[in-house]
Amino acid sequence: MADKDQLIIESGEAAQPFKYAVGMPGSKFFAETRDNKRLMGEKCPKCGRVYVPPRGICGKCYVKMDEWVEVGPLGVIGTFTILRFAFIDPETGHQKPVPYGYGFIKLDGADTLYQHYINIEDESKIKIGARVEPVWAENRKGTTRDIEYFRVID
Amino acid sequence: MAKRVAIVGTGQTFHKSHRPDVNGQEIINEAVQRALADADLKIKDIDAIVIGNMDHFEGINYVDCWSVDGSGGVMKPVIKITTGGTTGASLAIGGNHMVGSGMFEKVLVIGWEKNSESDTTGAITTAFDPIWDRQVFAGAISGLAAEAQGYMARYGASDRDGARVSVRDRKHAMNNPHAQLRKEVTLEEVLASPMLADPIHLLDVCPRTDGACAVIMASEDVAEKICPKPDWIWKTAARHSYAYLGDADYGRLVSMERCAKEIFQKVGIKEPRKEIDVIEMYQPYSFAGLIWIEDMGIVGPGEAPGYIWDGNTDMGGELPVNPSGGVISCNPIGATGLIRCAEAAMQVMGKAEGRQVPDVNFAVSTGFGGCWWTDMLLHGKKKPN
Ligand SMILES: [Zn+2]
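Chain order of the listed sequences is R and H. All letters in the first sequence, in the order written, are residues 1 to 154 by this note's numbering. All letters in the second sequence, in the order written, are residues 1001 to 1385 by this note's numbering.
The shape of chain H in the complex, shown without the other chains:
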């Protein structure tokens, strides 16, 4: 019997570049304890656990078993989901399916990563085809740089437009005590920072982070008893777009467009720019803040730079993007997509404190990863029909 699903509690670590004071299980446990406290539940109340990270980062392949001291999964059904960069968002979608199936009433969803424990770029490269993709590939930044070049050539955007997005997200991070990078940057500082892969400067791109996030999902039978104003998950979608890296359309994120079309059409959202109140986007570098809101249908092709320069996506603007400071301010990869989900849920629940957007009815969170893959969730204040 299908059930409607709501998020009733969230918890995060205070994310840092390096947490040598805790091992993997311990950092997971910090997030779990906070989520349980937020929902006022005990671990015995949890019926199943969904956990994930990008497992080749730490080189621990049985994370579902290995993590139980931290997750609380002893004698519970535990399943691991690991889908590269999208892991956190895929975890949220997986948790939604488990509760929605009617088989589990309360599910604990956990995403985590200790990026300090290995070489991020080397590990990411192993996610790509060994014969055709690895020779020149250089981790996430190389593909993203090629996307930015494609977009700039097509629409005449500049590196200043990208830098404006970094300035926004780093400013927003000042309101989020959980973000790793909490220091504002200026346009000039972004443009003067070292060039990593043209046109991406150091300050255009996400950091490496140690952190964990946990989200508790509950079925409609108990959600409002646990949390009077839960965050209802209205719709989810996932799309990928290629077999080899050279198959993609560099300058457009087709998977984002398809997720957005599917969700908005099914829910009846005709003008996403007006009907959505806040977006927490898995935006690993600044130029994605331009390209991908066009693909999401917020503005038309080539219109994002103007929309962003006018302050529309800043706090207080028409449609704030990444009130948390986003991925540019904090990126524990396996947790990152779930942090977007948790932050969107906090916005709907009115629990986002210093980064709260007023009167959120609908929020969107996304995940992004490897094969130009998008996961998307629509969160809402009202119970879905």
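Isolated chain R (complex conformation):
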């Protein structure tokens, strides 16, 4: 071996299986998207903020939330970007297909932003404040993929 050889060990074809528990509020949320095509948020009894994704506690007030309210399904683009660079998706171990629209959707009735794909067929329509609707998947399994993407409707 020559002195100047700089050796590197590579991972090759590696896989990392996972099994994540969604938790109680998330399980209820995804049961609703799967069975009823409904989006639900949790409302704080103290400050009235509606959280999507749902979570058990309002972090601002430190109180438990157990009131569920329906939100959306329509909303507006709160903010967004269009991803154009290729990168490895750690969920799959493969390159993520680009470009894609990354939306932070302000669902009607919610006080937080819900992240999802935005259809970018017509990029000129992708603006903050644009009105959007979800496109539901045929086969819904109780994951964020129960919605295929949001699309601009005006």
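Treat the hints with caution; some may be incorrect.
[Claimed, not checked] Calculated lysine to any residue pairs in the SDA-like style (CA-CA distance at most 25 Å, straight line):
| id | chain 1 | residue 1 | chain 2 | residue 2 |
| --- | --- | --- | --- | --- |
| 1 | R | K64 | H | R1239 |
| 2 | R | K19 | H | A1127 |
| 3 | R | K4 | H | E1030 |
| 4 | R | K46 | H | D1247 |
| 5 | R | K60 | H | G1370 |
| 6 | R | K141 | H | I1131 |
| 7 | R | K60 | H | D1133 |
| 8 | R | K60 | H | H1240 |
| 9 | H | K1351 | H | I1226 |
| 10 | R | K46 | H | Y1244 |
| 11 | R | K125 | H | G1251 |
| 12 | H | K1042 | H | K1229 |
| 13 | R | K60 | H | E1257 |
| 14 | H | K1266 | H | N1385 |
| 15 | H | K1382 | H | Q1265 |
| 16 | R | K96 | H | F1128 |
| 17 | R | K96 | R | Y20 |
| 18 | R | K28 | H | Y1244 |
| 19 | R | K46 | H | D1249 |
| 20 | H | K1381 | H | H1240 |
| 21 | R | K96 | H | H1056 |
| 22 | H | K1274 | H | R1252 |
| 23 | H | K1225 | H | H1056 |
| 24 | H | K1383 | H | R1252 |
None of these hints come from the bench; they were simulated from the model.
Since the structure of chain R is provided, determine the placement of chain H with the ligand on it from the hints.
Structure of chain H with the ligand alone, referenced to chain R:
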């Protein structure tokens, strides 16, 4: 017994995109040797070590143990701190707490990263919630792009305003032999570089870097014996702002505002723009150079583009930002926040050579990371009251 804390020595590697000539322990050791030499100390003088990186980048989870051949931690108390992008700044705050507690007189603080050894974006994505955040998330750039869109929509800023910040930092990097990217860029080159995630071009954003930084902190009992003009740590603060990515206020960095308010209020700084002499900001992309100095209270909301176009944050301006060239010129992530701290310390100590800002009384360094998290340190020439 609480002690005042000073930085008495710093050391950095000459940061590069890829250092296949050294492994992790060896790159750590380069920074450690330089910091010890700067403080004229030996490893036997060090009482404890704080070390960190963003450990899922290299996939080495016991860095505190694994690194001792490089850190010099054999038979010393060693603790690991790893807080994502803020790691380097959290290390500095942790070192400050250890010395300030009175339990350790001289602490060696080490931040490092070999970003070349894995996929940065893939690794960053694993720092986010697997159920709600990962489906569309694309590492640091996606969230930052959403922030820039929010700011531009709210205040009418343009991608030229962002590009001006890149031009500044890349120019400043010419004065810093440790920076990775040492080639000036023009506004036109920034705007013509490939669009990564609208509105962020390739030249708006930080590179991936291999590098390490070490800082030696000492208590007031010995600091001035080691270093006649040490850098006193006046105050530190840390804030975070959300549970899930969609909870944040896109267009404002609330954590920066809260850190700045806490520190400036406690110290009695009323006009930060006039009273602070230099800022080393963990600014991972150009638009943060606009948004975050507003949140820090340097200028009002929407005023940063004008302030920056007028040259106020350039070397020689009213308040130079990132004399080192900043994160856009160099980003070994776990070291990056600590490099900001070290660079601010060098400014206060008068050791910043070609990138020295004259007569620095107060300097600010920051860290930034994952959940719109800010760490902040106020550095000063005088011993705090
Ligand atoms: Zn509440």
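Cross-check of the supplied hints:
no. : hint                : in the structure
1   : R:K64 <-> H:R1239   : holds (23 Å)
2   : R:K19 <-> H:A1127   : holds (16 Å)
3   : R:K4 <-> H:E1030    : holds (20 Å)
4   : R:K46 <-> H:D1247   : holds (18 Å)
5   : R:K60 <-> H:G1370   : holds (20 Å)
6   : R:K141 <-> H:I1131  : holds (13 Å)
7   : R:K60 <-> H:D1133   : holds (20 Å)
8   : R:K60 <-> H:H1240   : holds (13 Å)
9   : H:K1351 <-> H:I1226 : holds (15 Å)
10  : R:K46 <-> H:Y1244   : holds (20 Å)
11  : R:K125 <-> H:G1251  : holds (21 Å)
12  : H:K1042 <-> H:K1229 : holds (19 Å)
13  : R:K60 <-> H:E1257   : holds (17 Å)
14  : H:K1266 <-> H:N1385 : holds (12 Å)
15  : H:K1382 <-> H:Q1265 : holds (18 Å)
16  : R:K96 <-> H:F1128   : holds (17 Å)
17  : R:K96 <-> R:Y20     : holds (21 Å)
18  : R:K28 <-> H:Y1244   : holds (18 Å)
19  : R:K46 <-> H:D1249   : holds (21 Å)
20  : H:K1381 <-> H:H1240 : violated (29 Å)
21  : R:K96 <-> H:H1056   : holds (20 Å)
22  : H:K1274 <-> H:R1252 : holds (23 Å)
23  : H:K1225 <-> H:H1056 : violated (39 Å)
24  : H:K1383 <-> H:R1252 : violated (33 Å)
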